[in-house]
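Undergrad: Just so you know, the sequences run in chain order G and L.
The UniProt record's numbering puts the first residue of the first sequence at 1, with every later residue one more than the last.
The UniProt record's numbering puts the first residue of the second sequence at 1, with every later residue one more than the last.
Check each hint, because a few of them may be wrong.
[Stated by the list, open to error] If you anchor each label on the Cβ, the simulated ranges turn out as follows: (1) G:D236 with L:E305: 49 to 57 Å; (2) L:N127 with G:D235: 51 to 59 Å; (3) G:T85 with L:G99: 51 to 59 Å; (4) G:Q331 with L:D297: 51 to 59 Å; (5) L:H158 with G:D90: 55 to 63 Å.
[What the hints assert, rightly or not] In silico SDA-like cross-links for lysine to any residue, where the CA-CA straight-line distance does not exceed 20 Å: (6) L:K25 with G:D170; (7) G:K25 with L:M1; (8) G:K298 with L:N212; (9) G:K298 with L:M213; (10) L:K298 with G:N212; (11) G:K74 with G:R241; (12) L:K110 with L:N4; (13) L:K74 with L:G105; (14) G:K191 with L:E51.
[As the list claims (entries may be wrong)] Anything over 10 Å on all C-beta distances counts as not near chain G; from chain L, calculated: (15) A108; (16) G269; (17) L299; (18) K320; (19) L329.
Treat the hints as calculated values from the structure; they're not laboratory data.
Idealized CB from N, CA, C, for every residue including glycine.
Protein chains: 2
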Amino acid sequence: MNDNLLFKQLYDQTSGTYTYLLADKVSGQAVLIDSVFEQHNRDYSLIQELELSLIACLETHCHADHVTGAWLLKHRTNCQIAASTDSGIDPLDKSVSHGDENSFGSFALKVIATPGHTDGCVSYLLNDQSMVFTGDTLLIRGCGRTDFQQGSANKLYHSIKELLFALPDDCIVFPAHDYAGRTSSTIGEEKRHNPRIGGQANETDFVGFMENMNLPHPKQLDIAVPANLKAGKPDDDELPRTPRWAPVTTTYSGVLEVAPEWVAANLNGVHVLDVRTQAEIDEESAQIEGAQHIPIDKLGARLDEVPTGKPVMTICRSGKRSVLAFNLLRQTGRDEVANINGGFLRWYGEGLPTS
Amino acid sequence: MNDNLLFKQLYDQTSGTYTYLLADKVSGQAVLIDSVFEQHNRDYSLIQELELSLIACLETHCHADHVTGAWLLKHRTNCQIAASTDSGIDPLDKSVSHGDENSFGSFALKVIATPGHTDGCVSYLLNDQSMVFTGDTLLIRGCGRTDFQQGSANKLYHSIKELLFALPDDCIVFPAHDYAGRTSSTIGEEKRHNPRIGGQANETDFVGFMENMNLPHPKQLDIAVPANLKAGKPDDDELPRTPRWAPVTTTYSGVLEVAPEWVAANLNGVHVLDVRTQAEIDEESAQIEGAQHIPIDKLGARLDEVPTGKPVMTICRSGKRSVLAFNLLRQTGRDEVANINGGFLRWYGEGLPTS
Numbered sequence: 001m002n003d004n005l006l007f008k009q010l011y012d013q014t015s016g017t018y019t020y021l022l023a024d025k026v027s028g029q030a031v032l033i034d035s036v037f038e039q040h041n042r043d044y045s046l047i048q049e050l051e052l053s054l055i056a057c058l059e060t061h062c063h064a065d066h067v068t069g070a071w072l073l074k075h076r077t078n079c080q081i082a083a084s085t086d087s088g089i090d091p092l093d094k095s096v097s098h099g100d101e102n103s104f105g106s107f108a109l110k111v112i113a114t115p116g117h118t119d120g121c122v123s124y125l126l127n128d129q130s131m132v133f134t135g136d137t138l139l140i141r142g143c144g145r146t147d148f149q150q151g152s153a154n155k156l157y158h159s160i161k162e163l164l165f166a167l168p169d170d171c172i173v174f175p176a177h178d179y180a181g182r183t184s185s186t187i188g189e190e191k192r193h194n195p196r197i198g199g200q201a202n203e204t205d206f207v208g209f210m211e212n213m214n215l216p217h218p219k220q221l222d223i224a225v226p227a228n229l230k231a232g233k234p235d236d237d238e239l240p241r242t243p244r245w246a247p248v249t250t251t252y253s254g255v256l257e258v259a260p261e262w263v264a265a266n267l268n269g270v271h272v273l274d275v276r277t278q279a280e281i282d283e284e285s286a287q288i289e290g291a292q293h294i295p296i297d298k299l300g301a302r303l304d305e306v307p308t309g310k311p312v313m314t315i316c317r318s319g320k321r322s323v324l325a326f327n328l329l330r331q332t333g334r335d336e337v338a339n340i341n342g343g344f345l346r347w348y349g350e351g352l353p354t355s
Numbered sequence: 001m002n003d004n005l006l007f008k009q010l011y012d013q014t015s016g017t018y019t020y021l022l023a024d025k026v027s028g029q030a031v032l033i034d035s036v037f038e039q040h041n042r043d044y045s046l047i048q049e050l051e052l053s054l055i056a057c058l059e060t061h062c063h064a065d066h067v068t069g070a071w072l073l074k075h076r077t078n079c080q081i082a083a084s085t086d087s088g089i090d091p092l093d094k095s096v097s098h099g100d101e102n103s104f105g106s107f108a109l110k111v112i113a114t115p116g117h118t119d120g121c122v123s124y125l126l127n128d129q130s131m132v133f134t135g136d137t138l139l140i141r142g143c144g145r146t147d148f149q150q151g152s153a154n155k156l157y158h159s160i161k162e163l164l165f166a167l168p169d170d171c172i173v174f175p176a177h178d179y180a181g182r183t184s185s186t187i188g189e190e191k192r193h194n195p196r197i198g199g200q201a202n203e204t205d206f207v208g209f210m211e212n213m214n215l216p217h218p219k220q221l222d223i224a225v226p227a228n229l230k231a232g233k234p235d236d237d238e239l240p241r242t243p244r245w246a247p248v249t250t251t252y253s254g255v256l257e258v259a260p261e262w263v264a265a266n267l268n269g270v271h272v273l274d275v276r277t278q279a280e281i282d283e284e285s286a287q288i289e290g291a292q293h294i295p296i297d298k299l300g301a302r303l304d305e306v307p308t309g310k311p312v313m314t315i316c317r318s319g320k321r322s323v324l325a326f327n328l329l330r331q332t333g334r335d336e337v338a339n340i341n342g343g344f345l346r347w348y349g350e351g352l353p354t355s
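In isolation and in its complexed conformation, chain G is listed as follows:
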């Protein structure tokens, strides 16, 4: 793998979907392949924490088993949405066709049209041919089904045998799904061991396999396909509401955080909970005006002392133990809780007022 390539594989456990983040470490330009609606906060926070600039959400096809996060991410990052001209997805910022390249920094993902699971299925090949993102065309020891949308086992056979199996044997296959804890394969492995199309399977064998699978109707299809044809744009055309009680961000570790400047400017509207130890407070007498002090080791037993009515902002020395306080309060069913990013160290560092 090229040292300047940043690569992350992400998994959505509900739908069994893999999302891939690729970025050029030098320029910071990034692309996200096959994002998932429910994971847009996770993916957005990762992009933020890695200080990347998302330039495109690439779809391998119009999915039938989950809704894409592309529209949400576009509206948070100004990225483009790209997919095959034949995917039916509308609106698209970039319609891609066989042979097109999607650049990010000094890298590019080349489009290989691989119809069969749907007419608009494409695979994305990294320009050094070290990795291919095959969507639902080629899975690890499997392949996408061909019995709905525009599925065609014959087309899928030719896409896999003539285009994907023509790639180098060492090319790593990253599919859109796996359900058995496998994260990647290679072209060489699938050529030898794919139980549907590997080894000496011919078109009759493969089509005979695919046409006799008798799979149940995919349970998300009637929801996912209409939503994905709109690139994951919600029915009400609205971005998920940001909380009114504070301008929170979600970290990749899943914590709601707020910047200390905002807290300092809105002290009347919030309740600050300082969870430093008594020894720390004794040593460092500065406090935030109006803050309640309950040391973290006592908080579990004293949760009912934290007043309701105002959003709670948790703080400690460096913003770590206050995450525990955030977790404890959230576990009691309170929604309006956030951790003050960076704790007192950042509060002091920004010259914010103490009493």
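Following the hints, position chain L against chain G.
TA: Showing chain L alone in chain G's frame:
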């Protein structure tokens, strides 16, 4: 990543455990880090299909949340079992200490003693420093708990801050667990963003966090720790019984297969089910003596015609559609079913008798 390195990340969904297979493509020598008992067939079949020679199962520590597959894999592959001298695991083929190297082909994994979650925790660093396998010491935006076995938050703080955070920022962190679909991090990311020990967290902050987590008792601990102290050796000291009805192997795709030579030599003891289409049979009149013929597209409706009493061996032209027949029969609750590897093509190729 070095082009000669073969790398696979595998996941056990029940325990949320990552297992790692690393191999030198040139020599074929492989090591497996933190295998899982219930996944030993998956991992063994992958090693077989990749034609690798497993030389060691490396344990990062004595796990409390799942049982290792090391003992089973040792008895199937003759690999060594390696872990820290301080892990308490007995018997070990190789006791490793800080600074030791575990070679596989032209690669090596260097041992970094990282106590804290347990006394015997080690991390394994690839010799080019591109990847580190951190076990339960450093997780993605988290770390192992320190409230059981020989847990010490202070020791863990020093292991992470002084040893792991001293590695290059780009070094990829592969942990033993994740529960949110994240597959890797980097040292640089965790130094900046780990919500327990990243940023400006000092020892007091970190220890204060770890000592106030009040986590529930780990539900597998009382089963897993005693089993792992024996490297995953089953209570009856026995390998899982291999089926008596046929010398089957499990493929990485999860299919039970049997070699055609064995079927040819044991025709009286098995029932061969040929699922080729009528057109194929008409064209290619050769049959296996005594075989029943039900075309794959009719099998679903005619399953009750397949006699019980003898194990069923499924076959078609190339051994693909017969996997569907295998699946169909297994779904009816029959256990003694296997696919004949390679189908008629291999049967003919090996000169086995037809009628």
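Undergrad: If you draw a straight line from the CA of K298 (chain L) to the CA of N212 (chain G), is it 20 Å or shorter?
TA: Roughly 9 Å separates the two Cα atoms, so the pair holds.
Undergrad: Looking at L329 (chain L) again, its CB stays over 10 Å from all of chain G?
TA: Non-interface label stands for L329 (chain L): nearest chain G Cβ at 13 Å, farther than 10 Å.
Undergrad: Check the following: the C-beta atoms of T85 (chain G) and G99 (chain L) are separated by a distance inside 51 to 59 Å.
TA: 57 Å, holds
Undergrad: Does the hinted range 49 to 57 Å hold for D236 (chain G) and E305 (chain L) at CB?
TA: 55 Å, holds
Undergrad: Starting from K191 (chain G), check that the Cα of E51 (chain L) is at most 20 Å away, please.
TA: Answer holds: K191 (chain G) to E51 (chain L) is near 15 Å, not above 20 Å.
Undergrad: Quick check for students: does the CB of K320 (chain L) sit more than 10 Å from each CB in chain G?
TA: The assertion about K320 (chain L) is violated, with a minimum of 5 Å to chain G.
Undergrad: Quick one: work out the minimum CB distance from L299 (chain L) to chain G and report holds if it exceeds 10 Å, violated otherwise.
TA: Nearest chain G Cβ is 8 Å from L299 (chain L), so the label is violated.
Undergrad: Assuming the hint says 51 to 59 Å, is it satisfied by the Cβ distance from N127 (chain L) to D235 (chain G) or not?
TA: Holds: the Cβ-Cβ distance is about 53 Å, inside 51 to 59 Å.
Undergrad: Verify that the Cβ of G269 (chain L) lies farther than 10 Å from every Cβ atom of chain G, and report whether the claim holds or is violated.
TA: 25 Å, holds
Undergrad: Take the C-alpha atoms of K74 (chain L) and G105 (chain L), compute the straight-line distance between them, and say whether it is at most 20 Å.
TA: Holds: K74 (chain L) and G105 (chain L) sit about 19 Å apart, inside 20 Å.
Undergrad: Was A108 (chain L) rightly flagged as not at the interface, with every chain G Cβ beyond 10 Å?
TA: 19 Å, holds
Undergrad: Please verify whether K74 (chain G) and R241 (chain G) have alpha carbons no more than 20 Å apart.
TA: 16 Å, holds
Hint compliance for this structure: hints 17, 18 are not met, and every other hint is.
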